[in-house]
Amino acid sequence: GAGVSQTPSNKVTEKGKYVELRCDPISGHTALYWYRQSLGQGPEFLIYFQGTGAADDSGLPNDRFFAVRPEGSVSTLKIQRTERGDSAVYLCASSLNQYTEAFFGQGTRLTVV
Amino acid sequence: SQQGEEDPQALSIQEGENATMNCSYKTSINNLQWYRQNSGRGLVHLILIRSNEREKHSGRLRVTLDTSKKSSSLLITASRAADTASYFCATGSGTYKYIFGTGTRLKVLA
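Chains as they are written, first to last, in my numbering: chain R, 338 to 450; chain V, 1069 to 1178.
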């Protein structure tokens, strides 16, 4: 497809479980971002990839959160030992480079019960 | 932490009227982007304006940037019910880390 694709669109998990959220960026985009958005708030930066490497993971809230992008395309955000406070919409975006428009996917709504 | 703050937080207008939203930010930027979000899901990119630009147009959208006042505005002319959404500004300070504001919730009444 032409846009950023995120799967699943919705995920309900029990507290303490492990989840993986997937992002397929636009083909050819080297920059990839993960953001998290809580209800009524703007998106908050989590992590930025340039190619395969995480250039900045300063937004990850704690060590339960981890993200990879092994081949410089698809990225996976991994959350261990989920907590109810992790419930949010997780948004992925990609751009040609760090200076151009960032295009977002539809997000994954994570609910931890 | 938030860089951009949109104003007003909520706006309700009649179809056909113009809607103006403002964004203020705190530190120097390289560019500023405006996004639209429907129903709390994906963000749709509207316009990117660079720090050396003062105004950009795209269809019914007009964005201005005043770096001396650290503010930007988004004008939607001849609004339609389909414009009902939340609008966010996101500032880029020469790095990849775009910082979003809390958004303006626009409601266009038919």
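Among these hints, one or two may not hold up.
List time: in silico DSBU-like cross-link candidates among lysine-lysine, alpha-carbon distance up to 30 Å [claimed, not checked]: (1) 1165/V / 348/R; (2) 1165/V / 1137/V; (3) 348/R / 415/R; (4) 1094/V / 1124/V; (5) 1137/V / 415/R.
Computed footprint of chain R on chain V, listed as stretches where at least three residues anywhere in the stretch have a Cβ under 8 Å from a Cβ of chain R [what the hints assert, rightly or not]: (6) 1090 to 1102; (7) 1109 to 1122; (8) 1164 to 1174.
Label pairs and their calculated CB-CB ranges [to be verified]: (9) 408/R / 1123/V: 29 to 35 Å; (10) 1106/V / 351/R: 28 to 34 Å; (11) 347/R / 1149/V: 23 to 29 Å.
No wet-lab data here; the hints were simulated from the structure.
All of these numbers come straight from a predicted model, not from anything done at the bench.
Cβ coordinates follow ideal geometry from the N, Cα and C atoms, glycine included.
Going down the list of hints, with the structure as the test:
Our distance criterion of 30 Å between C-alpha atoms is met by residue 1165/V and residue 348/R, whose separation comes to about 26 Å. With a CA separation close to 22 Å, the supplied pair residue 1165/V and residue 1137/V stays within the 30 Å bound. The hinted pair formed by residue 348/R and residue 415/R meets the criterion: a straight-line CA distance of about 13 Å does not exceed 30 Å. For the hint pairing residue 1094/V with residue 1124/V, the CA-to-CA distance comes to about 22 Å; that is within 30 Å, so the pair holds.
Taking the CA atoms of residue 1137/V and residue 415/R, the gap is near 40 Å; set against the 30 Å cutoff, the hint is violated. For a cut-off of 8 Å, the count of residues in the region 1090 to 1102 of chain V with a CB near a CB of chain R stands at 3, and the three-residue condition holds. Check result for the region 1109 to 1122 of chain V against chain R: holds, 6 residues qualifying (beta carbon to beta carbon below 8 Å, three or more required). Given a C-beta distance limit of less than 8 Å, the hint that chain R covers the region 1164 to 1174 of chain V holds, as 8 residues qualify and 3 suffice.
At about 41 Å, the CB distance of residue 408/R to residue 1123/V disagrees with the hint of 29 to 35 Å. Against the hinted window of 28 to 34 Å, the Cβ-Cβ separation of residue 1106/V and residue 351/R comes to about 30 Å, which satisfies the hint. Between residue 347/R and residue 1149/V the C-beta distance comes to about 27 Å, which sits within the given range of 23 to 29 Å.
This entry does not satisfy hints 5 and 9, going by the numbered hints stated previously.
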